[in-house]
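**Student:** Note that the protein sequences, when read in sequence, are chains A and B.
The opening position of the first sequence corresponds to residue 1 in our numbering, with each subsequent residue numbered one higher.
The opening position of the second sequence corresponds to residue 1001 in our numbering, with each subsequent residue numbered one higher.
The set of hints was computed from the structure by calculation and includes no laboratory data.
Any given hint might turn out to be false.
[Claimed, not checked] Simulated pairs of lysine to aspartate or glutamate, DMTMM-like, Cα-Cα distance not exceeding 20 Å:
1. Lys-1385(B) x Glu-1080(B)
2. Lys-384(A) x Asp-1485(B)
3. Lys-1481(B) x Asp-1514(B)
4. Lys-1493(B) x Glu-1507(B)
5. Lys-481(A) x Glu-1259(B)
6. Lys-1162(B) x Asp-1172(B)
7. Lys-162(A) x Glu-1163(B)
8. Lys-1481(B) x Glu-259(A)
9. Lys-1384(B) x Glu-259(A)
10. Lys-159(A) x Asp-1485(B)
11. Lys-167(A) x Asp-188(A)
12. Lys-384(A) x Glu-1080(B)
13. Lys-159(A) x Glu-282(A)
14. Lys-1159(B) x Glu-507(A)
15. Lys-1159(B) x Glu-259(A)
Number of protein chains: 2
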Amino acid sequence: MNGNETGAFTPKLDNVAIAVAEGGIALGTRLEGGIVTLESVPQGHKVALVDLKPGDAILRYGQVIGYAARLLPRGSWIEESAVVLPKAPDVDEIDALPFSPPARDLAFEASLDRELAGLSGIRFEGYRNPDGSVGSRNMLGIVPSVQCVAGVLNIAAAKIEKELLPKYPHVDGVAALNHGYGCGVAIDAPNAEIPIRTLRNLARHPNFGGEALIVGLGCEKLAPERIAPSCAGCQGRAAVGGGAAAAPAGASDIVILQEQAGFAGMIATLMAEAEKRLERLEARRREAIPLSELVIGVQCGGSDAFSGVTANPAIGYAADLLARAGATVMFSEVTEVRDGIHLLAARAADPEVRRRLLEEMRWYDVYLANGGVDRSANPTPGNKKGGLANIVEKALGSIAKSGRGVIEGVLSPGERSYEHGEGRRMKGIVFAATPASDFVCGTEQLASGIVLQVFSTGRGTPYGLAMAPVIKIASRSAIAKSWPDLFDLDAGKIATGDSTIEELGKELFAMILDAASGRYEPWADRHGIANDLVVFNPAPIT
Amino acid sequence: MNGNETGAFTPKLDNVAIAVAEGGIALGTRLEGGIVTLESVPQGHKVALVDLKPGDAILRYGQVIGYAARLLPRGSWIEESAVVLPKAPDVDEIDALPFSPPARDLAFEASLDRELAGLSGIRFEGYRNPDGSVGSRNMLGIVPSVQCVAGVLNIAAAKIEKELLPKYPHVDGVAALNHGYGCGVAIDAPNAEIPIRTLRNLARHPNFGGEALIVGLGCEKLAPERIAPSCAGCQGRAAVGGGAAAAPAGASDIVILQEQAGFAGMIATLMAEAEKRLERLEARRREAIPLSELVIGVQCGGSDAFSGVTANPAIGYAADLLARAGATVMFSEVTEVRDGIHLLAARAADPEVRRRLLEEMRWYDVYLANGGVDRSANPTPGNKKGGLANIVEKALGSIAKSGRGVIEGVLSPGERSYEHGEGRRMKGIVFAATPASDFVCGTEQLASGIVLQVFSTGRGTPYGLAMAPVIKIASRSAIAKSWPDLFDLDAGKIATGDSTIEELGKELFAMILDAASGRYEPWADRHGIANDLVVFNPAPIT
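In isolation and in its complexed conformation, chain A is listed as follows (with noise of 0.2 Å):
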């Protein structure tokens, strides 16, 4: 795709509107500008406000979204198969340009200090830690080096939660990861790096305090003291690294299922470490902390038309209004921002940035080619049946949660904002390179240390995250209304005008600050909500 192709960097008016009622709208309703509805359309789908010949451009979001497979008057109902997928932007070329800083909005950004200048609670309660990070939350992470050991541990894990944590009132919880890596697996297949470095991180989450007990069977592939938490100043604690035969000073960290004595062994060696833990976690307090040390991720999933002009816009408000007060934001889903990574470029801090944006973006190219599909293969059956005609509109609607700003740093899958590039810690608005999968993205954006989600749906999802808050964010009111007991927020009220993108942002901000400090419990963790972790695994299995 081409400048000229695509108008990729000379934005347009749009030539389609979006159903907003909730019923769609009917055969003959007349619209603003006298346009006539040739057809019903369905809420969220979109109507032609030109007449389009076969080949025009199909305007959204200012961007070309495709072409039009037919001849489509004005009125028409647009649906998915009138719209051809044009190609996504060429990565060569935009590697090619020279590079221009960022253009900045200076009024946007003076608007956005002036409201945090009218905010409180510009600091938040969280956990700091030994390695300076900070959590949201302070519980006891247990995290197995490979799935053979998750039986026992599902049942050690429900009786520390029953026995013992009702003694450690300052605990928040357990959570005993659970995922299907760490034997079986071509360790060191080039792309093993990707699942070996997220569990690594995970057991280093914020919201761990440095504490997690890593729990190993003993003849696995990943060696657990590879993922046990590397504790700089923590006397006798694990290393980082090392191979099977490695045996650190801190062993101490690691529970080896194959030198327990049976089951009833197993279980009290895991009562007994998580009891030492426990102790040790009682002791923390939150205390005020400045934005500055808060890293969350925002993610969509269940996406339709609405997304991108209600829940993700507030999202990308909020993600705005947070990097300016020195915050950190992760946004991922590469398949997602792959057909807007023209305008993504354009805003990369530096040309280093912008270089490792388009790098991501051709890894999975060939990630994706050598399994005998492209991005397209993205969209979803609900994603369609909720106006969004393919990948590109999609991805233009998902990108706005990224807000606006400078765009200040890129990360592999797993790899975590606090230690990247020499030391340097990576703030502001940061692109998480992930699946775009809700359940890949979260426990990825995990790894790279969110103690926080916002996470935005128009079709619903109940989606949870056990180690971290989730605060779930409907793009349409209809949804919101039908699972108030699910919602956190109803980002429908900016369609039907009873809000603006702006306010709810705001609004979002706030109850971000409140979750990560412990005074806003989000609906999925007040039902206990939690999808499982699931790696993101590119290397074959054996």
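Please arrange chain B on chain A, whose structure you already have, making use of the hints.
**Tutor:** Okay, now just chain B, sitting in the frame of chain A:
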């Protein structure tokens, strides 16, 4: 590997021996035949029985497991670095050979028949299903089409177990499957058929009695209708196949969370649907069933050098007995048969079975190569510590589980034996092609319809399955003694001369019938240990 180079088709005597004693063999120990050890040899490891020059073939199981990397005088410890990995058997070369029917050992067959005639209880007590399959348990199965619903399902399943299950004493339990598939996946990728078929067949598992409840979100890639149990002859039940748009008569088999009134509505609907099924399941009773209706799987994990001479041959003997009695015994783990494929090809019942065996090997070769690895990525640090120098030695020990009999059929990952091959049910010894990863192999064998699994291990793993009983056999007595509350059988007695392969095989045969009949509860089940299901997805995620 050709015949000359490896002696693949001309078994010779071994030129290495295995150190059996628990502490290994000390330096300077005189062995049978007058050989004196030149180094201490750890338990399970190999000692040279002849002088080996660099490049000389190292023979175990009458097969070349590798070549001497250096001068190895007799009495030397043959550790991993002393063994050069041979090439894998050439699939095309085997394919080009004229087919010969497998050699039958009539004396062995007659001895099996004598054993079977002498054994009482040649039937087992199972649950007959409308589709002709027979279960070993009477369970309520709940199968999510997508990971997004897992958080809610887990809460519902705990509530069902606590509040409903006690009212239905004839129902053995609730299995709410948990998997990482269903959305954010390339659903039309060439290899996507594998995970989809796996989930569809898990939902049809014999232990669910055709009553599995499918739970979908509503916008996921994997439309729930595609995995709903097909129930020919059951009026108003869901049909297999169809896409997102399909809303078959069997919608009552499917709960869609997006259609429920919030979290409270989801839980209420799931409880109501569960109770309906529990009422029907409660009426079921075990009945005497001929062994021809029994389908079991065999697997090894955390193997050592004993596995191939104790536990696995005992499993093989039980498999031969079962197959002779008409039962179906699946063995699996492609990378662990790959180096013995010439031996399996010679046991193929007919040219089509041989072709299918080779086809599955080729598929996996390509799959691994696409990820930049080969079958040598299989052995684990634990395998090597246990004396297995490489994948050839591991594979030769692994295939011992399949017994000596004719291989009657081949299943691709997740395919069911019941209706394979145009209605012809596949019986006897069957190769179910799966990855070797324990939890993936277990998942795929369950999808293929096993109602019980036999699992051998030398290093020790607390492996278990929620859907079917798992009998665990130790390959050496040390681990069996150290885990008395996890192992059902100790095959280490074969190494110490306290039992024979045949005796232990017969003991296992009887235990399989008892466990399948609910008369014996294996240790893993008594504790409720269950690994997660991990579906094999060789296609990309998006």
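**Student:** If a hint holds in the structure, say so; if it does not, say that too.
**Tutor:** Verification of the supplied hints:
Our distance criterion of 20 Å between C-alpha atoms is met by Lys-1385(B) and Glu-1080(B), whose separation comes to about 9 Å. Between Lys-384(A) and Asp-1485(B) the alpha-carbon distance is near 53 Å, which puts this suggested pair outside the 20 Å criterion. For the hint pairing Lys-1481(B) with Asp-1514(B), the CA-to-CA distance comes to about 23 Å; that exceeds 20 Å, so the pair is violated. With a C-alpha separation of about 12 Å, the suggested pairing of Lys-1493(B) with Glu-1507(B) holds against the 20 Å cut-off.
Only pairs whose Cα atoms come within 20 Å are accepted, and Lys-481(A) paired with Glu-1259(B) is accepted, the gap being roughly 12 Å. Distance restraint check for Lys-1162(B) and Asp-1172(B): the Cα-Cα separation of roughly 13 Å lies within the 20 Å cut-off, and the hinted pair is therefore satisfied. Proximity of Lys-162(A) to Glu-1163(B) is assessed by CA-CA distance (about 18 Å); at most 20 Å being required, the pair is judged to hold. Straight-line distance between C-alpha atoms of Lys-1481(B) and Glu-259(A) comes to about 12 Å, which keeps the hinted pair within the 20 Å bound.
With a C-alpha separation of about 17 Å, the suggested pair Lys-1384(B) and Glu-259(A) falls inside the 20 Å cut-off, and the hint holds. Restraint check: the Cα-Cα separation between Lys-159(A) and Asp-1485(B) comes to about 18 Å, which is no more than 20 Å; the hinted pair holds. Among the hinted pairs, Lys-167(A) with Asp-188(A) is inconsistent with the structure: their alpha-carbon atoms are about 43 Å apart, more than 20 Å. With a CA separation close to 55 Å, the supplied pair Lys-384(A) and Glu-1080(B) exceeds the 20 Å bound.
This hinted pair checks out: Lys-159(A) and Glu-282(A) have alpha carbons roughly 18 Å apart, not beyond 20 Å. Simply put, Lys-1159(B) and Glu-507(A) have alpha-carbon atoms about 35 Å apart, too far for the 20 Å limit, and the pair is violated. Taking the CA atoms of Lys-1159(B) and Glu-259(A), the gap is about 35 Å. The hint is violated against a cut of 20 Å.
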